[in-house]
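Turn these sequences into a full structure, and let the hints steer you where they fit.
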Amino acid sequence: MGTKSVQEGQEIVGRGVREGARLFREWFDGMTGVAEAGGTAAYVFVMGSLAEVLRVFDYPMVFPEIHALQTAVRRASHEYLNEAEDHGYSPDICGYVKADLAIQMRGGDHPMGRIPPPGLAVLTNACNTYIKWAEAWERMYRIPVFTLDVPGTRRAEAVTAPGDPDFENDRRYVAGQIDELIALCEQRTGRAFDLDRLREVLRHTNEMSRAWRRVLELNASRPGVFNAITDGTVYLGVANAFRGTPEGAQFFTDLVEEMEYKAANGLGVVEEEKHRLVFVGVPCYPIFRRFNELFTEWGGVFVTSTYLWFASGGADLGFEYDLERPLESLAEGVLISVRHAMDSMFYQDRALVDSVAQYGIDGVVYHPIKSCRTTSAGMADNRRAFMQAVDVPSLFIESDMMDKRVVSEAQMKNRIDAFFEGLNARRLQRAAV
Amino acid sequence: MTTPNLDFDRLEGRSLQEILSDCTELFEDTSFPTLKAWREQGGKILGHFQVYFPEEVAHAAGMLPFKVRGAPVEADQAESRFGSYLCSILKTSLELALSGEVQLDLFVSHPICDAARNLAAVWGRNADYPCDILYLPQNANSRHAAGYLRDEYARMLRLIETIVGRRVSDEDLRRSIGVFNENRSLLRQLYAIKREQPWKVALDEAYVLMAIGGLVPREQHNRLLQTVLPLIEAREARPQDRIRVVFEGGFCEQPPLDLLRTLGQTCYVVDDDLLIGLRWITEDVPLEGDPLALLAHAYLEHSSYSPVQHDLRKPKEKMLLERIQGAQAGAAILTAAKMCEPGLEDQVAYAQALEEAGLPYFVSEFEEKMTSFDQLQIQLETFTENILFA
Chain A
1 MGTKSVQEGQ
11 EIVGRGVREG
21 ARLFREWFDG
31 MTGVAEAGGT
41 AAYVFVMGSL
51 AEVLRVFDYP
61 MVFPEIHALQ
71 TAVRRASHEY
81 LNEAEDHGYS
91 PDICGYVKAD
101 LAIQMRGGDH
111 PMGRIPPPGL
121 AVLTNACNTY
131 IKWAEAWERM
141 YRIPVFTLDV
151 PGTRRAEAVT
161 APGDPDFEND
171 RRYVAGQIDE
181 LIALCEQRTG
191 RAFDLDRLRE
201 VLRHTNEMSR
211 AWRRVLELNA
221 SRPGVFNAIT
231 DGTVYLGVAN
241 AFRGTPEGAQ
251 FFTDLVEEME
261 YKAANGLGVV
271 EEEKHRLVFV
281 GVPCYPIFRR
291 FNELFTEWGG
301 VFVTSTYLWF
311 ASGGADLGFE
321 YDLERPLESL
331 AEGVLISVRH
341 AMDSMFYQDR
351 ALVDSVAQYG
361 IDGVVYHPIK
371 SCRTTSAGMA
381 DNRRAFMQAV
391 DVPSLFIESD
401 MMDKRVVSEA
411 QMKNRIDAFF
421 EGLNARRLQR
431 AAV
Chain B
1 MTTPNLDFDR
11 LEGRSLQEIL
21 SDCTELFEDT
31 SFPTLKAWRE
41 QGGKILGHFQ
51 VYFPEEVAHA
61 AGMLPFKVRG
71 APVEADQAES
81 RFGSYLCSIL
91 KTSLELALSG
101 EVQLDLFVSH
111 PICDAARNLA
121 AVWGRNADYP
131 CDILYLPQNA
141 NSRHAAGYLR
151 DEYARMLRLI
161 ETIVGRRVSD
171 EDLRRSIGVF
181 NENRSLLRQL
191 YAIKREQPWK
201 VALDEAYVLM
211 AIGGLVPREQ
221 HNRLLQTVLP
231 LIEAREARPQ
241 DRIRVVFEGG
251 FCEQPPLDLL
261 RTLGQTCYVV
271 DDDLLIGLRW
281 ITEDVPLEGD
291 PLALLAHAYL
301 EHSSYSPVQH
311 DLRKPKEKML
321 LERIQGAQAG
331 AAILTAAKMC
341 EPGLEDQVAY
351 AQALEEAGLP
361 YFVSEFEEKM
371 TSFDQLQIQL
381 ETFTENILFA
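Chain order of the listed sequences is A and B.
Our numbering puts the first residue of the first sequence at 1, with every later residue one more than the last.
Our numbering puts the first residue of the second sequence at 1, with every later residue one more than the last.
Calculated directly from the structure, the hints in this document are not laboratory data.
All figures in this text were calculated on a predicted structure; none of them were measured in a lab.
Any given hint might turn out to be false.
Covered stretches of chain B (chain A as the covering partner; in silico rule of three or more C-beta atoms under 8 Å from a C-beta of chain A) [what the hints assert, rightly or not]:
no. : region
1   : 83 to 93
2   : 101 to 115
3   : 142 to 151
4   : 187 to 193
5   : 308 to 320
We put the CB at the ideal spot given by N, CA and C, even for glycine.
In structure tokens, the structure reads:
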């Protein structure tokens with residue numbers, strides 16, 4: 001990588017974010033096109049999108065979590081939240097759900113274009129709100145809803161693996177449901193399932209997963225080569241919206257090249273990286289850019305995050321499908337990856353402990369949010385377990401991913417400043433010993 | 001088992017009021033004396049969080065299945081294990097374990113909601129006994145769900161066997177299914193009285209009688225119900241001019257007993273979803289065949305509904321309308337525990353369905369620790385008067 005010319009280097013650095021933004025824009029434009037043509041889409045979620053099956057049938061896919069969070073990034077979420085609350089939805093339920101339902105009530109109107117209505121909804125149980133959310137679409141549109149039930153880890157100390165009878169029971173269940181999903185898609189589209197097309201989609205997914213895992217590994221470099229919150233969110237968008245496509249595979253292959261180049265040339269994301277951080281939870285989208293600045297102003301860089309694990313549907317594991325037995329392998333991959341995504345939320349303490357050595361972590365930032373109990377309910381206890389296991393400072397700041405009414409930037413800044421002052425003092429004390 | 005005030009072996013000859021009073025005292029005792037007595041006798045306890053657990057599996061192994069449903073206690077220690085914006089039942093349930101008030105040998109929870117699915121992990125990090133998740137199927141419509149669930153029950157049974165140190169036979173399971181069939185049948189009789197002669201048993205009385213089942217061996221609960229049901233039938237009470245309502249929203253966190261008393265003073269609650277897990281299976285489970293498969297089949301095919309089970313055959317609002325119709329009720333009370341996401345989400349659908357059906361409804365939220373009901377009573381009286389004098 002060090003042999004690339006300066007000009008080549010300039011083209012490579014930042015390419016992931018630029019290309020990611022372009023792809024994302026095109027994807028939104030594509031959704032608008034479907035909506036304006038009177039079409040529908042398959043509504044799916046980031047933790048187990050089943051893109052592998054849906055792409056075989058050429059379903060346009062809508063990720064409601066993504067279009068919901070985009071309303072917050074574009075500082076419009078409050079309008080949608082208010083609208084849903086006026087309709088009877090409680091202030092105490094998921095903000096993504098409310099924003100999406102308000103979008104539906106507005107006929108798909110979204111700050112980035114128009115969202116087509118669902119013709120089918122496919123979800124997993126990785127988040128229970130997915131299920132309640134889909135029930136709302138079922139009522140609104142009378143569409144088929146397919147819940148692919150993925151059994152998760154039963155106990156932290158009892159994670160099963162292929163060959164284990166309990167794993168095999170789970171795998172049979174997931175495989176059987178995938179067969180049922182395929183039958184539903186065949187019935188809805190009038191098209192026969194094409195196994196060779198599935199292999200092609202799986203091959204693209206494999207390339208993406210391999211590269212995604214490598215990208216995450218490369219952030220162990222010093223300085224870190226990408227910001228797990230800001231850059232990472234762009235990458236996550238592509239990882240979900242373009243899963244199983246040649247564009248997605250190419251994007252991540254190129255991203256590996258960029259990150260390897262940056263690692264080889266010592267190019268970081270801030271002028272001077274002083275503190276390497278892990279982010280736990282979902283970002284604060286109502287003040288997305290500012291939230292990150294509160295850390296980077298102190299030389300803090302998020303080098304990894306649980307968000308990159310669970311919001312990629314567990315793709316960080318880098319599971320690769322066996323193309324010789326595509327359907328069996330798909331069931332195994334969905335089970336292992338989605339289960340891993342769930343573990344990243346419920347049993348994250350051990351993975352965080354491991355990340356300390358792998359990424360050279362100086363501090364952990366826990367960000368529980370009002371809107372999401374899946375990611376937030378157990379976070380305080382995870383933090384207790386983490387702090388008992390390793391001597392690494394952590395910060396616990398509550399806000400929201402959608403609702404600016406519970407985001408207090410000034411209060412947050414005070415806490416973050418104090419956290420960094422503590423990190424700096426700790427460093428000085430250690431240097432003095 | 002004999003608890004301080006309630007001897008299940010000496011119920012005959014006692015008055016209904018005495019028994020109800022002792023049951024209430026036992027139910028409200030947050031030191032859980034029946035659990036302590038069971039452990040003192042060398043028994044083991046399986047605590048299972050709301051909503052449904054196949055208690056037969058624990059019972060067959062000789063364990064006491066204890067329905068973990070929170071308690072009106074201060075969650076001093078548990079507060080630090082959870083974030084904000086959470087329902088109370090999670091915190092107070094864990095508090096019972098952290099405070100040592102309730103000692104278990106196995107804790108089982110279910111991924112019923114986003115908050116509760118964190119519970120097993122949190123509990124497991126804070127307890128020195130196994131904490132497991134029973135993954136009840138969320139795709140009840142898959143033809144693979146029953147087979148999967150049968151094997152999931154078998155997994156749970158193997159875990160239980162390691163705790164009790166013995167194998168559990170199919171005959172053990174059948175005996176337990178028989179006990180629970182009888183229990184469910186008795187609860188159905190209790191609810192039939194509520195529906196048909198609600199003036200004979202107050203909402204809070206029926207609730208306490210049912211809830212005791214989650215605290216004592218089910219054989220004792222059966223004896224209690226067998227004794228009490230004829231006494232209720234024989235009670236001399238006259239119907240009053242009250243509206244008949246269905247109460248919805250008690251499937252997980254439980255409303256305070258005083259809240260139920262307040263409701264009962266204002267209207268006849270002729271059906272409800274309080275502790276619905278105890279009544280989840282709606283028909284007798286057959287005794288012939290593979291017991292675990294039969295329990296799995298019953299869970300999926302002969303069961304009630306709740307906001308935390310997804311089944312395309314059971315749209316919640318349709319099920320509520322059926323419950324209202326089945327109970328010949330004229331209105332509904334739609335409640336949800338504070339911060340209960342599934343309950344709050346379904347309130348919207350329920351309200352819409354009731355409006356379309358032209359049925360009046362009353363929307364409210366509660367918390368297990370709430371202590372003031374005056375305002376609720378005024379609102380309810382206004383609601384019922386509007387209906388009675390419309």
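Can you take a look at whether the region 308 to 320 of chain B is actually covered by chain A? Rule is 3+ residues, C-beta closer than 8 Å. holds (count 6)
Annotated coverage of the region 187 to 193 of chain B by chain A, confirmed only when three residues or more have a Cβ within 8 Å: violated (count 0)
Count the residues of the region 101 to 115 of chain B whose Cβ falls closer than 8 Å to any Cβ of chain A, and tell me whether that reaches three. Result for this restraint: holds, n = 5.
Taking a Cβ-to-Cβ distance below 8 Å as contact, does the region 142 to 151 of chain B have at least three residues touching chain A? Since three or more residues must qualify, the claim that chain A covers the region 142 to 151 of chain B holds, with 7 doing so at under 8 Å.
For the region 83 to 93 of chain B, do three or more residues have a beta carbon lying closer than 8 Å to a beta carbon of chain A? holds (count 5)
Taken one by one, the earlier hints fail for this structure only at number 4.
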